[in-house]
Amino acid sequence: MIRAARAQPLVTIAFLLVLGLFAVAQTPQARFEQALRAIPVTDTARPLAAFALGLSQPDFPAAEVIQLAERLAATSYSIPEKEAVLLSVVVAMEEGLPVDGLVTKGLEGLARGIPVPQIARSLHQRLILLAETRDLLYAKGIFSVAPGSPQSVPTALPTPRFNLLITHISDTIADYLEGGGSPFEGQTLLQEVRFRLTTLQGATLKVEDVELVLKRIGPADLTRIALAAVS
Amino acid sequence: MSPNSIDDILRDALRQEAAETAGGLARLEERIVVELGERRPRLRVSDWLRQLLAPTRGGRIGQLSVVGATATICLLLGVFIANQAGLTNTSPGIRLTPTLAEDGNQEVLFVLPALDASDVSVVGNFNSWEPTALEDDDNDGIWTASIPLSPGRYEYAFVIDGRWWGQDPLADEYVQSFGEYSSVRYVGGGDGA
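Keeping their order, the protein sequence lines are chains A and B. Numbering-wise, our numbering puts 175 at position 175 of the first sequence, and it's gapless, one number per residue. Position in the second sequence (first residue = 1) + 1000 = our numbering.
Hint data in this document are derived by calculation from the structure and do not stem from the laboratory. C-beta atoms are modelled at their ideal positions from N, C-alpha and C, and glycine is treated no differently. Take these hints with a grain of salt, some might be off.
Computed spacing ranges between beta-carbons, pair by pair [claimed, not checked]: (1) A:Q26 to B:D1140: 40 to 46 Å; (2) A:L53 to B:G1188: 31 to 37 Å; (3) A:Q26 to B:L1170: 44 to 50 Å; (4) B:G1162 to A:D43: 44 to 50 Å; (5) A:P219 to B:L1170: 39 to 45 Å.
Facing chain B, according to a computed beta carbon distance under 7 Å, are these residues of chain A, among others [to be verified]: (6) E64; (7) T104; (8) G109; (9) P117; (10) R224; (11) V230.
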């Protein structure tokens, strides 16, 4: 009897350890699905499929995406409002766009206590900017190739490098617009983009990538992107 | 007594008096000098400062320059003494410039003076906007945290007793986010991705 009483705490600790191990061993998909069910989203299939696509991308911020879903679940907003925030991230994952900027903006908004519908609007605008920026680079003959694939043209950049360019260009325009800047100030937009890219060249961006982009884009291109985001 | 002897006596007396008077006058000058020396008022520091700061015609700038020079000397002396005594190094290891860590990350120092704060943290896209506490071990009101960051661009804000503060004086730039300011720090290094 006494032995059993002494053993009881040990059993509890062992049980907790097993639970902890189970939690750690959970796959990212399982954790994401759990967070989706906690919201609870009406349809888990689409976001889960998009998440699987995202996981196949290099540098995909899976942990941050899961955090966003978990923190959304903890808010008291309605399900459609929470889903609106997730939708921008899901669409970006489906499109193969970099989601870092969207996710961190969503996390920031939640941490600041910004109303979820306002966060959803901000993310939607940033999603448009991401897609428009990618299309602009394509139009300027700058392409993305999977890492390790043969480089058909010199302007085809490995996906992580290409995605970094998209992220920083679109992020700069988004910040500019959010700070009250006019989309018609193409020259100012270009200055902002040039500053951001040249500051990061040699740190996270390749010098040749920055030079390539700055050689090919102009004020009118950035005005067109900014207008697409605000219209 | 003959009149001649009276004249002689008077002449001698006058000569002696004149000689004494001359000697007395000579000593008088000496005595006055000594007396003045003894009576010269001792200039105290407060009087000296008052004289320096007193408005005078044309001499003000010169006086102020003397005050400025004195203050500078005192300041330099103070800094030198403080350095010698180790007073300026109250938080060993704190450096305002990023230092390279072994894993290629850079130790970036976040510093915020917040004298009356009881809890200071930093939130940013490097910690998923989850608070990382700043510390003020010596209770001097200067809160610090050293965070390893890989090269890149980081947006952040301080949270002081629950209130967000997005304008770090040490930031490289500021952006508006959701109508509020965020600070931005660029961490350089490496040769690109």
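Those earlier numbered hints the structure runs against, lowest number first: Going through the list in order, the structure violates hints 3, 4, 5, 9, 10, 11 and respects the others.
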